[in-house]
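Engineer: Sequence order for the protein chains is E and U.
Note that the first sequence ends on residue 225 in the working numbering; no numbers are left out.
Note that the second sequence ends on residue 759 in the working numbering; no numbers are left out.
These are computed hints drawn from the structure, not numbers from a lab.
Take these hints with a grain of salt, some might be off.
To be verified - Restraint ranges, calculated between C-beta atoms of paired labels, are given here:
1) D72(E) / E366(U): 27 to 37 Å
2) R36(E) / P457(U): 18 to 28 Å
3) L60(E) / S606(U): 49 to 59 Å
4) E487(U) / G12(E): 25 to 35 Å
If you're wondering where the values come from, they're calculated on a predicted model, not measured in any experiment.
Quick reminder that beta carbons are idealized off the backbone N, C-alpha and C, glycines included.
Residue strings, one per chain:
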Amino acid sequence: MENNMVNIYLFGKKYEVPENLTIMSAMEYAGYQLVRGCGCRNGFCGACATIYRIMGKRELKTCLACQTKVEDNMYIATLPFFPLVKQAYDIEKIPTTEAVMMQLYPEIYACIGCNACTKSCTQGLNVMQYIAYAQRGEFDKCAEESFDCVMCGVCSARCPAGISHPQVAMLARRINGKYLAPGSEHLNKRVKEIENGDFKELIEALMEKPIEELKELYNTREIEK
Amino acid sequence: MYSEKLQASLRLVEEAREQNIIFEPDRMSAKQKEELLLTYHPDYKADEFDTLKIGPNKGERVPKELCAILQAHSRINANSVDLTKPDYDTDVLIIGGGGAGSAAAIEANEAGAKVMIVTKLRIGDSNTIMAEGGIQAADKENDSPAIHFIDAFGGGHFAAKRELLSKLVCDAPEAIKWLSNLGVEFDKEKDGTMITTHGGGTSRKRMHAAKDYSGAEIMRTLRDEVFNRQIPVIDFTSAIELILDEEGKAAGAVLMNMETKELLVARAKTVIIATGGAGRMHYQGFPTSNHYGATADGLVLGYRVGARLLYAETLQYHPTGVAYPEQIFGALVTEKVRSLGAKLINKNGEVFMHPLETRDVAAASIIRECNERGNGVETDSSLGVWLDTPMIEKIGGEGTIEKRIPAMMRMFGKYGIDIRKEPILVYPTLHYQNGGLDITPDGMTTNVKNLFVAGEAVGGIHGKNRLMGNSLLDIIVFGRSAGINAAEIAKNTTVGRLTLEHVDRFEKEISEAGIKTELRSPKLLPNYTNKKDI
C-alpha cells in the first residue's frame with residue numbers, strides 16, 4: 001500500500017515523510033541515526049520527550065516521539081534531556097510526612113496552580129493534583145496518581161515554579177512502597193523459612209534427580225486453578 | 226478503529242465471546258508440544274543458523290546475525306590505545322545500566338567497594354524498564370521454591386544449570402523483600418497480601434506485579450537508589466573491548482563516548498557485564514519488543530576474551546507482540562493480558578489453544594495457526610491472531626483493565642483502539658535472549674577470572690526457554706550477588722599490567738579461519754536510517 005507523504009519540520013528543517021510513521025521513525029526516515037532521544041521505543045522510558053506545533057496554530061503540544069504519529073506541517077523539537085533537580089537522600093532515614101518535601105523539594109509549595117504540568121503530560125496524568133497530594137504529605141495518593149509517570153520531564157520544562165515533578169513523585173512512591181503500604185506477612189514468613197533451611201532438603205533432592213524423574217514431576221504436576 | 230477488512234472477523238470474535246469465556250481449552254501433552262516446536266519454532270529453522278569457526282564455542286551453531294558479530298573485527302586497533310594512564314580507576318566496573326547493573330551497583334556500593342556504571346544510553350534504558358507483566362517468587366502458602374524450580378526447569382526444557390536455577394528460586398522471596406524495602410510498590414490487597422497471578426507455564430499463582438509497569442517501577446526505584454548513593458554513572462558511553470591484565474584477569478574496559486567517539490580507558494579490579502539482550506539484532510527478520518540498545522554487546526565483549534557461551538542458539542519469541550497498528554508493530558503485549566483471562570482467538574472466532582502455555586509453545590502455536598492452518602487475520606502489513614481483551618472486563622469486572630494493565634490501554638488508546646471494548650491483534654516478536662555467557666553460581670564466568678555477568682547476558686539460568694516473570698527475578702537475584710561477589714573479590718585483587726593482546730589474538734584467529742568480514746562489533750545500536758551509506 002502506497003503511503004501519502006506529509007511535510008514535517010525537524011528543528012525547523014523541512015522533510016517529506018510517509019504519514020503513517022511515528023515522529024521517531026520519521027526522524028530515522030529523514031536520515032537521523034539517533035543516539036539521544038531514543039530509548040525503549042515503546043513508551044516506557046521517557047527518553048523521547050518532544051515538543052511540537054502545527055503550522056498556523058497557537059498551541060504548543062508535547063508528546064513522546066515513539067508514541068505519536070506525524071502530522072502535516074508539524075514543527076518538531078525533541079527534548080532528550082531536561083535538567084531536573086534530583087535530591088539525594090537516605091531512604092532508611094527520611095521522615096515519612098510532608099516534612100520531607102519541605103526539606104528536599106520546598107519549591108513544590110511555590111506552585112501557582114497554572115496547571116501547565118497537567119496540560120503537558122505525555123502520559124495524560126493529573127500532575128498538578130499529585131503535586132498537591134505531595135504538598136499535603138498524602139504520599140499514598142501521590143503515588144497512585146503519579147504511578148504511570150515515565151519521567152520524561154516535559155512537565156518540569158513547562159513549570160514556572162521550577163518544580164521537578166517526576167522526582168517529587170518518585171520520592172513519594174518510594175516512601176509509600178517502603179513505609180506506608182501494608183507489609184506482606186506471607187513474604188516475611190517465607191523469607192524466614194528459607195533462611196531456616198526449611199526447603200533445603202527438597203531442593204537438594206531436585207539437584208540430584210535423574211532427568212526422567214524430573215520430566216515426570218513436571219508433566220504430572222498439579223496446576224492451580 | 227479496525228478497517229472494513231478486519232470487521233468481519235472481529236464480529237465473529239464478538240459473537241463467540243460469551244462461549245469462548247466459558248470454554249476451557251486443553252493443555253498440550255509433552256509430545257504435542259515437542260512436535261509443534263520442532264516444526265514451527267524459529268529456534269529450529271536450521272538455515273537461519275551458522276556454525277562458529279573460532280572462539281570458545283567453535284563448532285556450535287548460533288543465529289546467523291549473532292555469528293557474524295561474534296566473528297567480526299574489533300572497533301579498535303589494540304596498539305593505538307594507551308593503557309598506562311587510565312581515565313577511570315575503580316574497584317568494580319559495571320557495564321550496563323539496566324536492572325542487573327543497577328542492582329549490582331547498589332550491592333557493591335553497600336559492600337564498601339568503589340563502583341562505577343558505564344552505559345551506552347542512559348541509566349534505565351534497558352529491557353528491564355519495558356518489562357510489564359511481573360516478577361515470580363514462591364511466597365504463598367500453597368507454593369514453594371521447589372515447585373517454582375520444577376515449573377522453570379520444565380518450561381526451559383530441562384536444560385537449565387540446576388545450581389543457577391536453584392539459586393534463582395531460593396533467593397526469590399528475599400529479592401521481593403529487598404525491592405519492597407527500597408520502596409517498590411507491588412500490587413497488594415488491603416491486608417498486605419501480594420496480588421499474584423499465573424504466567425504461562427506456572428503451576429502456582431506467583432507473579433507479583435506493579436500494574437503493567439512492573440519493570441518500570443523496579444527500574445526507576447533502582448535508578449533513584451543509585452543516584453542517592455552517588456554512584457558514578459558514565460552515560461552515553463559504551464564499552465567496546467574488555468581489558469585483561471597480564472595474568473588474564475578481567476581488569477577494565479576500553480570505553481567510547483557515543484556522541485564524540487572519544488576513547489577512554491577504565492581500569493578495575495573486577496568487571497561485571499550487565500549489557501542485556503539482543504532483540505535489536507532482529508534475528509530471522511523478527512520485530513522486537515526490546516529497547517534500542519539490545520544488540521548482544523556483552524556476548525561479543527566476553528567472547529573476545531575467551532568467555533564461553535551457553536545456549537546462545539535459543540531465543541525467546543514472545544507470543545504476543547503487536548501485529549496492528551503498524552506504528553507499534555512488534556511492541557510487547559504483556560502476558561498478563563492472558564493471566565487476567567484474555568484468550569487467543571483465530572480469524573473464525575475460535576479458541577485455538579490454552580492461553581497459558583509456555584512462551585515458546587504459544588509462539589509456535591500462533592505461527593502454525595497463521596501459516597499452515599491459514600487461520601490468521603490479515604492486516605495490511607502482516608498476519609496475526611486476536612487476543613480478546615474485552616474478556617478481562619467480563620471476567621474481572623468493569624475497570625479491571627484500567628487498574629491492572631493501564632499501559633496496554635494507553636498504548637492502543639493512542640491509536641483509537643479501546644482494548645476494554647475491542648480485541649487486539651498479535652503475532653510473535655523477538656523478546657529475550659535465553660542463552661548468554663556461562664557462569665558459576667557466584668556470577669563469575671566459568672573461564673575468565675574476575676569477569677562477572679548478570680542479567681540477560683547470562684546463559685543457563687532458564688535453560689532453553691524462560692518463563693514470564695523469571696527475568697525480572699534473575700536481574701535482581703544475580704545482579705545483587707554479582708555486585709556482592711565482585712566487591713568481595715576486588716578486596717583481594719591486585720591488577721597487573723593492562724593488556725589488549727587478546728584483541729590481536731582474536732584478529733589472528735579470524736584471519737587463520739579464513740573468515741572474510743567487514744563488520745566491526747559490538748554493534749552498539751541498530752541502523753534504522755533511510756539514508757544510503759556514502
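Engineer: Sort out which numbered hints this structure fails and list those numbers smallest first.
Structural biologist: Numbers 1, 3, in rising order.
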